[in-house]
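Next come the chains, spelled out residue by residue.
2 protein chains.
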Amino acid sequence: MKPLSLKALSALFISLAINSLVSAEDGYRLWLRYESIQKQEILDSYLSNIGTVDIAQKDLNPTLRVAADELQKGLSGLLGSGERSNKSRLLIGTASQNPKIAKILEKQNTNFDQKDEYLVFADSKSKQTTIVITGSSDQAVLYGVFAFLRHLQTHQPIEGLSLRSAPRVENRILNHWDNLTRTIERSMSGASLWNWFDLPYYIEPYYIDYARACASVGINGTVLTNVNANSTVLHPQFIEKVAALADTFRPYGIRVYLTARFSAPIELGGLDSADPLDPVVIKWWNDKVAEIYEYVPDFGGFLVKANSEGQPGPQKYGRDHADGANMLADALAPHGGIVMWRAFVYDFEIKEDRHKQAYTEFTNLDGRFRENAIVQTKNGAIDFMPREPYHPLFGATPETTQALELQITQEYLGGDVHLAYLAPMWREVLNADTFAQGKGSTVAKVIDGSVFSHKNTTFAGVSNAGNERNWTGHPIAASNWYAFGRLAWDHTLSSEQIADEWIRMTFNNQSEVVDTIANIMLASHQTVVDYSMPLGLHHIMAEGHHYGPGPWFDQGRPDWTSVYYHRADEAGIGFDRTESGTNALGQYFPERVAKWSDPEQIDERYLLWFHHVSWDFEMDSGETLWNELCLTYQRGVNDVAKWIQEWDGLSGKIDAQRHARVAAMLIRQHADAIFWKDACLSYFQTFSKRPYPKSITPPENDLEHYKNFKLYHVPGHPAEQW
Amino acid sequence: MKPLSLKALSALFISLAINSLVSAEDGYRLWLRYESIQKQEILDSYLSNIGTVDIAQKDLNPTLRVAADELQKGLSGLLGSGERSNKSRLLIGTASQNPKIAKILEKQNTNFDQKDEYLVFADSKSKQTTIVITGSSDQAVLYGVFAFLRHLQTHQPIEGLSLRSAPRVENRILNHWDNLTRTIERSMSGASLWNWFDLPYYIEPYYIDYARACASVGINGTVLTNVNANSTVLHPQFIEKVAALADTFRPYGIRVYLTARFSAPIELGGLDSADPLDPVVIKWWNDKVAEIYEYVPDFGGFLVKANSEGQPGPQKYGRDHADGANMLADALAPHGGIVMWRAFVYDFEIKEDRHKQAYTEFTNLDGRFRENAIVQTKNGAIDFMPREPYHPLFGATPETTQALELQITQEYLGGDVHLAYLAPMWREVLNADTFAQGKGSTVAKVIDGSVFSHKNTTFAGVSNAGNERNWTGHPIAASNWYAFGRLAWDHTLSSEQIADEWIRMTFNNQSEVVDTIANIMLASHQTVVDYSMPLGLHHIMAEGHHYGPGPWFDQGRPDWTSVYYHRADEAGIGFDRTESGTNALGQYFPERVAKWSDPEQIDERYLLWFHHVSWDFEMDSGETLWNELCLTYQRGVNDVAKWIQEWDGLSGKIDAQRHARVAAMLIRQHADAIFWKDACLSYFQTFSKRPYPKSITPPENDLEHYKNFKLYHVPGHPAEQW
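Just so you know, the sequences run in chain order B and F. Here numbering that gives the first Met the number 0 is used: position 469 in the first sequence is 468, and no number is missing along the way. Here numbering that gives the first Met the number 0 is used: position 346 in the second sequence is 345, and no number is missing along the way.
What the hints contain is simulated information worked out from the structure, not anything from laboratory work. It is possible that some hints are incorrect.
Pairs count within a copy or across copies, as identical chains cannot be separated in the list.
Only pairs whose alpha carbons sit at most 30 Å apart, straight line, appear in this in silico BS3-like list of lysine-lysine [unchecked claim]:
| id | residue 1 | residue 2 |
| --- | --- | --- |
| 1 | Lys72 | Lys652 |
| 2 | Lys282 | Lys709 |
| 3 | Lys350 | Lys315 |
Just so we're clear, the structure is a prediction, and the values are computed from it rather than from any experiment.
Modelling step: build the complete structure from the supplied sequences, incorporating the hints.
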């Protein structure tokens with residue numbers, strides 16, 4: 000019984016072949032490969048239009064230095080050894096730093112009024128092109144360089160070059176759920192990037208490449224530690240290490256933040272209490288924050304998870320979230336820092352639908368938070384499910400800024416194994432109309448401050464990067480790091496455009512390659528939903544490790560079971576969150592409630608999120624709910640099978656190494672999709688007691704097989720001990 | 000207070016400069032870089048002597064295929080695009096597979112009588128050179144290819160080329176203390192290499208490079224899991240993954256082994272007992288082993304740590320180590336596997352010097368073990384201290400094969416931070432005369448089977464490789480992986496020769512580079528001993544994490560304290576292991592006892608290991624012991640300072656990236672050496688009450704400072720939880 004031998008042997012020879020290749024496309028360079036342009040006419044055009052880089056030496060600070068360095072790196076890679084025009088020129092810098100640029104901008108009457116606004120344009124006059132990369136700040140110039148290089152990497156023409164953009168959101172921050180032990184919670188990308196033990200003595204070269212990748216998509220902040228926090232990071236031994244990272248990232252415009260464990264005054268300070276109103280505690284935090292700013296003068300601030308899933312918090316002392324947040328905010332304010340206080344709180348002791356608790360808690364506190372204390376809210380009210388309707392909190396706190404927290408790491412979408420491009424998922428949230436101030440009050444507009452004139456606007460993304468050579472495990476998963484940055488910068492960008500950019504930069508510009516990969520990517524989120532938690536189903540994953548199905552799970556704390564969420568019974572399935580149920584729906588604005596109250600009217604993608612409906616409920620397609628459920632699961636499985644074929648067709652058109660890895664993962668994803676389908680349908684059938692539609696492949700095994708299946712050592716699961 | 004800013008900023012710009020470099024010398028390619036030869040006369044000679052590779056296509060199995068592939072890789076790298084002679088030819092293969100080779104060997108009357116014996120020679124006739132790479136097996140041919148490429152990498156001449164070698168020891172095995180959670184015990188090299196979750200679907204290309212590195216130094220086995228074992232690896236879900244790794248390594252001649260948790264029948268099998276004499280338990284293991292062999296037909300066997308430091312074992316059932324080992328050996332014997340049963344057992348309940356316990360236990364069992372059950376013994380009787388006298392067990396079990404277990408990972412020698420080349424340490428053990436069968440019964444000869452005609456001779460090395468890009472953290476630490484393999488193959492090789500080979504292959508052949516690095520490397524082990532545990536001191540490191548000093552530690556179980564080992568008091572210091580003390584010395588053979596009984600006669604490097612001597616004891620140098628101790632610590636510190644200067648001088652002569660990393664680590668090593676000196680001397684002075692010699696730099700701080708210092712999150716420490 001050695002079914003693997005042949006498979007492994009072919010994998011081996013593929014690997015051998017890969018190893019023989021001279022060029023290493025191992026994913027390390029992400030979307031910043033700068034491979035020499037092969038298309039002759041494009042290369043020729045670039046060579047004649049892109050001349051010598053002219054960077055004034057006056058006031059060349061670290062940011063302008065890295066900007067020049069990146070430009071040099073990009074151009075020498077893309078243009079290779081081709082001869083560049085000696086008539087054309089490329090000016091880079093700010094007006095205040097480069098007089099030639101000042102002159103050009105003055106003539107154009109161009110003024111900048113937004114932070115980090117870049118401007119890149121080309122001016123052609125009789126075979127001499129002047130390209131200018133400038134902006135409202137040195138940081139903007141760096142962003143302009145990346146925008147220009149993106150333009151070239153995606154083979155856009157110099158003629159008519161005009162890129163002007165400023166970020167719509169102020170803080171565009173990665174959240175690394177990294178532990179000081181170098182394990183990463185809920186990640187499958189190897190060890191934490193932060194080689195703490197060798198800091199501050201040794202700066203890994205890849206810290207620089209991390210900073211470049213972030214800066215290239217406008218990410219300007221990074222929280223280095225897990226929200227399930229460890230107070231040791233606030234010890235000087237670690238602040239010193241944090242400072243070394245901060246110094247490394249600073250030229251790239253990236254500020255560092257830390258998670259603050261609320262009980263640090265006790266654990267680290269030896270105090271008896273962590274009461275946010277206790278003067279001794281307040282002083283401790285003030286002193287601690289001041290200490291941090293001595294090491295890191297532009298420290299961003301704290302991210303806090305408190306009174307949630309066992310994390311310590313102000314409630315132990317009879318205080319509320321605003322009390323806790325404000326104490327930290329007051330400590331940070333004199334230094335220009337912010338506190339991001341997570342709204343992800345729920346407690347089964349509170350006898351209310353989990354879905355409702357954060358809204359109840361934080362709307363009650365609206366108006367209580369300091370200006371530099373913002374509330375960080377997940378995109379939906381449960382927990383990063385493959386699909387969630389937008390969080391009812393968005394738009395419901397007129398006086399409190401909320402950060403949008405997205406999860407880049409695929410905790411619930413197949414880890415580093417399943418291909419899933421998440422921009423469409425995030426676009427769905429951003430496009431959603433909260434109706435907070437009438438029609439058009441989209442989540443995007445709430446978050447970017449337009450609806451309520453909020454300050455400290457913030458996008459946060461739980462990072463999927465680790466010390467794996469290709470950073471993200473699955474090669475396609477890097478697209479989500481890219482997409483997060485692009486959307487945080489400009490939430491109006493389409494999923495299609497972002498995918499198109501990323502594919503061209505990461506692979507190549509061949510239309511067959513771009514189209515094939517884009518089609519798979521753009522379909523992938525829905526496909527993952529289809530084979531795992533379709534039609535509004537949610538939280539039916541396996542207990543603990545979250546990888547794979549567990550809709551039968553019913554042990555322990557109810558709001559950590561699966562049955563609590565799908566509520567399948569003989570009558571039907573789904574969670575009644577309308578007036579006849581928990582009325583979590585009622586927390587949304589009236590226009591939204593009106594749209595979703597009726598199971599016949601609601602967008603079917605959210606049906607079972609808000610309604611308990613009969614197995615015979617007629618869907619838009621005319622099928623019964625039960626049939627639709629089965630057909631949807633099957634469609635998800637079939638989609639992955641199609642991708643395997645389509646991906647196969649790319650063999651030889653992209654590099655063998657990354658092709659092989661995705662191919663191997665697709666086989667696993669297909670097997671996992673079948674497992675999801677079979678496990679869930681055999682389980683739900685015990686309630687529906689209806690036959691499977693003829694067109695689906697019935698489960699291969701009986702329900703007990705799926706219930707008994709145990710998956711060992713899923714990476715990133717917090718219970719993973721030594 | 001930002002003392003780091005300047006340091007970090009310069010580190011940053013160094014990193015930036017590194018990033019700008021086209022060629023990546025990040026250490027990934029280890030000693031198999033195959034960089035094109037720059038020295039023209041050598042290149043010319045090679046080009047005229049190395050012709051077309053002639054490999055007969057008949058019977059080209061995977062091993063010959065990888066041999067040919069490696070040869071191709073090596074030659075195209077080393078010889079570049081230079082034109083190779085079309086008159087010369089290079090034949091590769093075995094006699095049975097390549098008739099041309101058969102003919103040549105027959106003419107020479109060359110026969111092979113040893114396993115894996117390779118033969119590489121050149122035969123020049125009128126400007127036409129025939130080079131032959133052959134051997135007693137396909138595996139030998141692969142080893143011959145690596146030997147040939149080593150020859151070229153170290154710029155040796157083709158004229159007179161004659162390399163013939165067979166391994167002196169049968170099993171040359173790495174032990175990876177890797178957990179299934181991908182953490183590695185006692186390692187600082189990132190995450191475990193084994194990406195379990197993506198196995199068996201995905202074979203990481205670096206698995207191949209791992210196999211190449213191992214095969215290049217003749218390593219032919221690898222234990223994939225931690226000796227603090229996890230029975231889950233024996234579950235089919237994991238055996239399937241193990242099989243994929245085995246399939247990947249097989250062509251390189253590397254067999255896989257696993258650690259077997261003795262209680263697996265209970266944890267995995269649901270049995271009530273793990274009694275090795277219980278028929279139900281015996282059957283469970285027999286079935287389990289048979290199952291493993293269905294997946295991995297050449298599975299090597301088990302490595303077991305039992306009844307040691309909390310690991311389960313046969314003693315729970317009133318059985319002994321031989322009972323336990325034999326049960327597993329009987330299960331493995333029909334399939335050709337072995338069990339390696341670790342002698343690292345000690346118990347404070349047993350009121351005997353820890354040093355004596357393994358000897359007592361295992362000499363009592365001599366003769367009881369099956370032929371395929373061998374005892375695996377650390378080089379010394381305590382636990383991989385920077386210096387230990389050889390284990391008294393060596394030579395004391397005439398009827399039982401012992402494996403020599405060395406530690407490549409620097410658990411007690413500074414982790415991935417301190418530069419320490421360990422071949423001299425290992426040579427010291429190998430050269431040591433046990434006197435088991437009179438003079439000349441060296442440890443090497445005991446281990447290689449010469450003294451007692453033992454079978455299944457084995458070298459085991461606790462691996463220092465992890466998923467860090469350069470595998471071993473500190474660039475120089477890779478030399479120990481290399482040295483382990485070279486010594487396991489041929490324990491007569493000198494530390495100097497091994498270092499010379501490694502430096503030339505890893506860096507370059509410039510004599511200034513080779514000499515400088517070799518001098519540092521060859522001195523390094525003694526230097527680490529000098530600044531941490533000199534003159535026979537041992538086990539005085541910090542509690543728990545083992546990084547840094549803790550000679551004052553006296554809490555909890557005595558044989559886990561420091562005071563138990565140094566026994567400093569007002570009279571003197573050292574552990575009396577002679578007749579007047581615990582008489583651990585008495586366990587050695589009489590000739591050894593005679594040499595070491597007298598503190599005046601004993602090799603001073605072991606003085607305090609066996610003797611408690613007065614602070615005024617006169618050393619060979621004429622100094623008192625106290626003074627010698629101080630001067631030795633200071634010498635260690637001074638040596639590291641010298642290396643910093645010497646290493647600086649290599650700037651520009653080797654690649655910037657690796658130069659920078661070693662430079663940064665040397666600064667840390669120097670600071671750590673000072674800390675060791677200051678902590679230990681200020682502590683020991685409380686006993687000696689004597690002044691420091693004038694020529695040393697006294698401790699910068701008082702003893703309390705060192706006692707209070709706490710190092711957080713040392714990687715690899717088993718208590719490191721989430």
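Now for the hints, and whether the structure bears them out:
no., hint, result
1, Lys72 to Lys652, "both (25 Å within a copy, 24 Å between copies)"
2, Lys282 to Lys709, "between (49 Å within a copy, 24 Å between copies)"
3, Lys350 to Lys315, "within (19 Å within a copy, 49 Å between copies)"
Violated hints for the displayed structure: none, as all numbered hints are satisfied.
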